[in-house]
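Student: Two independent chains are provided; combine them into the complex using the hints.
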Amino acid sequence: MTQQNPATEEGPTPVELVRRPHLQNFIDWSADKPEVLVLTADLTNSCEVGPWRDTYPERYFSMGMAEQNMMGFAAGLAREGFEPWLHTFAVFLYRRPLDQLLMSVAYPSLPVRLIGFLPGVTTPGGVTHQAIDDLAVLRAVPNLTILSTGDATEVESVLDVIHAQPGPVYVRMLRGEMPRLFPQSEPFALGRARELGPDHSAYGPDHVLVLTEGICTEEAMRALPAVRERGVQVRHLHISTLKPFDDATVLDALAAAGGGVVTMENHLRTGGLGSAVAEVMADAGIGTRLVRLGLDDTYAHGASQGHLLAEYGLDAAALVRAVEGLTGEPLGITAEDLTELRVADVHSTAKAEAL
Amino acid sequence: MEPDLDRMAQIAHGIRRRVLEHSIRNNGGYMSQACSAAELLAACYGGAIRLAQVDAPYEPPAFTQVPAPGIQSVTGAVVHGPPSPEADRFIVSPAHYALVVYAALIETGRLAEHALEQFNADGSTVEMIGAEHSPGFETTTGSLSQALSQAGGIALARKLKGHTGRTWVFLSDGEFQEGQTWEAVQALAHHQVTGVRVIVDVNQAQCDGPMEDVMRIEPLADRLRAFGASVDVVDGHDLTALTGAMDSASDKPHFVLAYTDPTRGLPLLEQRRPVLHYLRFTSEDERAKYADAYAELAGRSL
Numbered sequence: 001m002t003q004q005n006p007a008t009e010e011g012p013t014p015v016e017l018v019r020r021p022h023l024q025n026f027i028d029w030s031a032d033k034p035e036v037l038v039l040t041a042d043l044t045n046s047c048e049v050g051p052w053r054d055t056y057p058e059r060y061f062s063m064g065m066a067e068q069n070m071m072g073f074a075a076g077l078a079r080e081g082f083e084p085w086l087h088t089f090a091v092f093l094y095r096r097p098l099d100q101l102l103m104s105v106a107y108p109s110l111p112v113r114l115i116g117f118l119p120g121v122t123t124p125g126g127v128t129h130q131a132i133d134d135l136a137v138l139r140a141v142p143n144l145t146i147l148s149t150g151d152a153t154e155v156e157s158v159l160d161v162i163h164a165q166p167g168p169v170y171v172r173m174l175r176g177e178m179p180r181l182f183p184q185s186e187p188f189a190l191g192r193a194r195e196l197g198p199d200h201s202a203y204g205p206d207h208v209l210v211l212t213e214g215i216c217t218e219e220a221m222r223a224l225p226a227v228r229e230r231g232v233q234v235r236h237l238h239i240s241t242l243k244p245f246d247d248a249t250v251l252d253a254l255a256a257a258g259g260g261v262v263t264m265e266n267h268l269r270t271g272g273l274g275s276a277v278a279e280v281m282a283d284a285g286i287g288t289r290l291v292r293l294g295l296d297d298t299y300a301h302g303a304s305q306g307h308l309l310a311e312y313g314l315d316a317a318a319l320v321r322a323v324e325g326l327t328g329e330p331l332g333i334t335a336e337d338l339t340e341l342r343v344a345d346v347h348s349t350a351k352a353e354a355l
Numbered sequence: 356m357e358p359d360l361d362r363m364a365q366i367a368h369g370i371r372r373r374v375l376e377h378s379i380r381n382n383g384g385y386m387s388q389a390c391s392a393a394e395l396l397a398a399c400y401g402g403a404i405r406l407a408q409v410d411a412p413y414e415p416p417a418f419t420q421v422p423a424p425g426i427q428s429v430t431g432a433v434v435h436g437p438p439s440p441e442a443d444r445f446i447v448s449p450a451h452y453a454l455v456v457y458a459a460l461i462e463t464g465r466l467a468e469h470a471l472e473q474f475n476a477d478g479s480t481v482e483m484i485g486a487e488h489s490p491g492f493e494t495t496t497g498s499l500s501q502a503l504s505q506a507g508g509i510a511l512a513r514k515l516k517g518h519t520g521r522t523w524v525f526l527s528d529g530e531f532q533e534g535q536t537w538e539a540v541q542a543l544a545h546h547q548v549t550g551v552r553v554i555v556d557v558n559q560a561q562c563d564g565p566m567e568d569v570m571r572i573e574p575l576a577d578r579l580r581a582f583g584a585s586v587d588v589v590d591g592h593d594l595t596a597l598t599g600a601m602d603s604a605s606d607k608p609h610f611v612l613a614y615t616d617p618t619r620g621l622p623l624l625e626q627r628r629p630v631l632h633y634l635r636f637t638s639e640d641e642r643a644k645y646a647d648a649y650a651e652l653a654g655r656s657l
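These protein sequence lines map, in sequence, to chains A and B. With the working numbering applied, the first sequence has no gaps in its numbers, which climb one by one up to 355 at the end. With the working numbering applied, the second sequence has no gaps in its numbers, which climb one by one up to 657 at the end.
Pulled out of the complex, with its shape left as it was, chain B reads as follows (with noise of 0.2 Å):
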């Protein structure tokens, strides 16, 4: 099936007005990670991975308990749908993505509407940095760079039982500098776990700022390629490019490198460079500022 590329837009459009609103009224968000990832989750969500549909926009039940042995624990995969050999998994490794992952979840009708009202309140499933019982989340992620190997797991389990399902990965780019996420590449490639599919947002930033200053990963294609993987360089804003790498046929595990520019559609943001990581506004002017931003982005005022 074509991917209905006006849609994904439509849903990019979406995550962007949705996290900037967040952020506003909350005085702070992960709004450079929206701007950067929100083509790539409007694509992972909007048709581009193989997810069931779900019946009607997710409740996010409160917060009972963390997993014990023998009890069910909630998850936050059902979002995604019943698990099933044929549907794809898809796994969010950088869970401070939550907020834009969540926006991406109401846009495509997976989250309730007002989920968001929820966000990192006292008792609430709808944390700031999701972990398994968090809509979306179908693993423990948020220290960096342990769902590509969980992942390997269930996709060589599922290459064990005959699955024809895939298991895809949003990773970060910074997790390229955490020696974890090279042992599981070689490990994928070693094993033919093949079942995998990886999607980077390379948006160069991290933290402490500009990851060229940081702490240098390129030229990650070449890295990953030298390691047994099979690489598509795209513009990460560009959705045609986008999904046909991420239907692109190889018999290695698959990653797409997903260019982007974490400024993307909120110019405003070039302000705060180098440091993008996390939106707090310094005076209430600058909040004003963004309120503006909001109304050219949204087409209406807050």
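Just chain A, with the same shape it has in the complex (with noise of 0.2 Å):
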């Protein structure tokens, strides 16, 4: 079933999509680890665990729609030795119990679980489904790790990563049918981004470094063969570990980016990918012009997800303007030039599930 995509030449080749991969693989994964509890708060089935409940059903805790005192127990149990992976969307783990992850969870650095579905715009269902501000409001809470997913094998391999975590984990999960952009062979690495396109050993000074988090990452794939054919050097680096966020290689590559630097994510300019890596640019010192794209102070509403890219400016044709903008040169990319989108209509499908 699986045709490995080599992470090392991203082009038109048509990439695998996967159905609910959460689904069986937690199943599965979770069969020898006793520990592992299952907390939800009324989306049991839209986060992808009604089949793990029915399969664990002594480890599963319907909590009701009451997140914050779902956080508690989260944190009782996990003082007990238990490993709770609370599966809600993304919004309602912290925007209603922000107070109670960061004083019952984050303080005591419990190994809690957040497994938040739905970021950015990655559903219709509107403002108060959309997790924009997530990584911006969560970058300020001490001891927790952010994970952010990007694709199949991520969202597979992120388990093991966030089991491994002594303290408490906030995950940006996908769910329903998403691409498999990165070989199973290469898991989920903490703190580590993961290198996409050509080599790049050979690129001059002037080169733009272009770095992607979650679904921004098909998006940039897809743009990026395209530029490179009008010989813009562009290297791209796909984060999906936004906390800490201290990966030498990131580091390196925006003090080699003299070309400039873009970020793009599914989440607002402020807070998030965007301002970790200004951070740290401005920590080194690096001086490099940075183009962050991303929900420019606004919030999103109920449209499909590619509607939503297209009008925040966080797709494929986004990215070349903001690549043009860095070379100041025009690149004449069209929307034909683009590598065909997987399947353009995936997210149609997503939509009647998405509640």
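Keep in mind the hints are simulated off the structure, nothing from the lab. Possibly wrong hints are sitting among the right ones.
Stretch by stretch, here's where chain B covers chain A in the computed footprint (C-beta under 8 Å, at least three residues) [unchecked claim]: (1) 78–86; (2) 270–277.
Beyond 12 Å from chain B on every Cβ pair, some chain A residues (computed) [said to hold, decoys possible]: (3) K33; (4) S46; (5) T55; (6) G167; (7) P198; (8) Y203; (9) V232; (10) A284; (11) A318.
For glycine and all other residues, C-beta sits at the position ideal for the given N, C-alpha and C.
Tutor: Here's what the structure looks like:
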């Protein structure tokens, strides 16, 4: 079933689409881990853990629509040696119960796992369901590790990374149908960016660096082959660990990219990936230009993922425009030049199951 | 085992005396909480809660660091003795009662006599509003209403592990204004987490003044029963009634609503009504009056 798509060759190769990878993978993964519990807040099937509940009913606890209390129960369970995995929509893990997350869970640094679905504009559920500020809010939470998944391989392999953390973890989780962009032989690695695109060792000092997270990585992988065909040297790193943000590869790449840096994230421009990059650049005295693509001090609204990515400048075309801005040269890239989207209407099926 | 009510009464007296002494010496303290909760904490630490014995009074260490991933932190739970499947746990929710809790711990030989000298001192773990490195604090609860949920998780875990020990929570009545408290009660009832037992200091006073004016919570017993809890309502200064209610059998999460007087044992405090939350003297004259009251209470001058 796996069509290995070498990470070193981003290009028009059609990628494998995987449907609900978390659903069965999490069941299989949990089999030999009796300490793993699941707590939900009335979004069990929406977070793909209905079959998990049916497989391990004694380890599943419905906490109802009461996230503040769920956070406290999780803290207590974790203190007693269990590992609670809270499955709900991301917005409900850090907005309403933020104080509970800070005081009951993060301060004592308990191994509570916050599995946050529907990051950014991946849902047509509109403003109430779109976690566009989670990274900004949660990067300010001490002791918390923050991860983001960008494809099926990361959704599957992030479980081991989370499980290994002694403290609390928040992850931006994808659900439903998604591409497999990265080979299964290259699992999620904490604090390590994924090097995408062709060999960059011969790039000149004026090359451009693109850093993306989550679903924006796929957009970048659509755009960058055409950009490179126009002669622009662009290095691309996929970022999946947002906190801690101390990957030496990223710092070296930022220092080497004399042509400028572009960040693109499924999040506000404020406080997320772009801000983290700006912070480490400033700390290191790297004076390169930085273009941060993200929602620009705005809420989003209910519409399809593709529509929202385009509307808010988070898609392949927006990345092309950002690179053009850095190089000062129009690249003459049209929509037809951009790598064909895997399946144009994938997200219309996601819409049906969105809530 | 029958509760030793005389011993508990001595502990309660000692709590009021120590907190008053500290408040006079330091020009401030959570005095009304000592007056309302003295018998409650005396019962809790005097045997109604089955805590393990300790070898010696705890010498609180200097503050070293806050918790961090993978680091074993100092825990205030050590004063409750070594944890075991049979032993009870005791979680104090209103962390601003810390001074009262420390006094109770000293009275019961669980905390070093001189620990109050470190109260609110820079670099000390004997903090004004306790965190989980402070003596007597098993969890961090100063943001009110979070302890009951935490205790629910602990008790649920202990149920899964087959522990017989109970998980006690000391709550203040103001916390029933927080929605999370009710979320917790409904979850305890729904999941039948009967290992949780709650003792509430219903002193009807909060930071802004009388709860009746700030935000009414009555009829509290009826509301709790409607949420699936069992409830005993007692005079919180009557140790016989209090210990009886704490020991009563229940197949539900059990709440003891202990109605108390936040000036009990120190009538002088009546002059400060309606705002009783924190005692800070407004003049040397007032401080002198409290020193006189101390002499009367303690049978000796400061």
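Student: With d taken as the least Cβ-Cβ distance between A/P198 and chain B, does d exceed 12 Å?
Tutor: Non-interface label stands for A/P198: nearest chain B Cβ at 37 Å, farther than 12 Å.
Student: Does A/A318 really sit off the interface, with its C-beta more than 12 Å from all C-beta atoms of chain B?
Tutor: Correct as stated: the minimum Cβ-Cβ distance to chain B is 36 Å, above 12 Å.
Student: Checking the smallest CB distance to chain B, is A/K33 really beyond 12 Å?
Tutor: 14 Å, holds
Student: Would you check whether the claim that A/G167 is not at the interface survives, using Cβ distances to chain B and the 12 Å cut-off?
Tutor: 3 Å, violated
Student: May I ask you to check that A/S46 keeps its beta-carbon over 12 Å from the closest beta-carbon of chain B?
Tutor: Nearest chain B Cβ is 20 Å from A/S46, so the label holds.
Student: Holds or violated: is the Cβ of A/Y203 farther than 12 Å from all Cβ atoms of chain B?
Tutor: Holds, since 37 Å exceeds 12 Å.
Student: Mind taking a look at whether chain B covers the segment 78–86 of chain A? Criterion is 3 or more residues with CB to CB distance under 8 Å.
Tutor: Contact hint for the segment 78–86 of chain A vs chain B: holds, 6 residues under 8 Å.
Student: Just double-check A/A284 for me: nearest Cβ-Cβ distance to chain B has to come out over 12 Å.
Tutor: Holds, because the least Cβ-Cβ distance between A/A284 and chain B comes to about 25 Å, which exceeds 12 Å.
Student: Checking C-beta pairs, does the segment 270–277 of chain A have three or more residues closer than 8 Å to chain B?
Tutor: violated (count 0)
Student: Are all beta-carbon distances from A/T55 to chain B longer than 12 Å?
Tutor: It holds; A/T55 is separated from chain B by about 17 Å at its closest Cβ, greater than 12 Å.
Student: Would A/V232 pass as off the interface with chain B, using Cβ distances and a cut of 12 Å?
Tutor: With a cut-off of 12 Å, A/V232 remains clear of chain B, as the shortest Cβ separation is near 41 Å.
Against the hints set out earlier in the document, violations occur for numbers 2 and 6.
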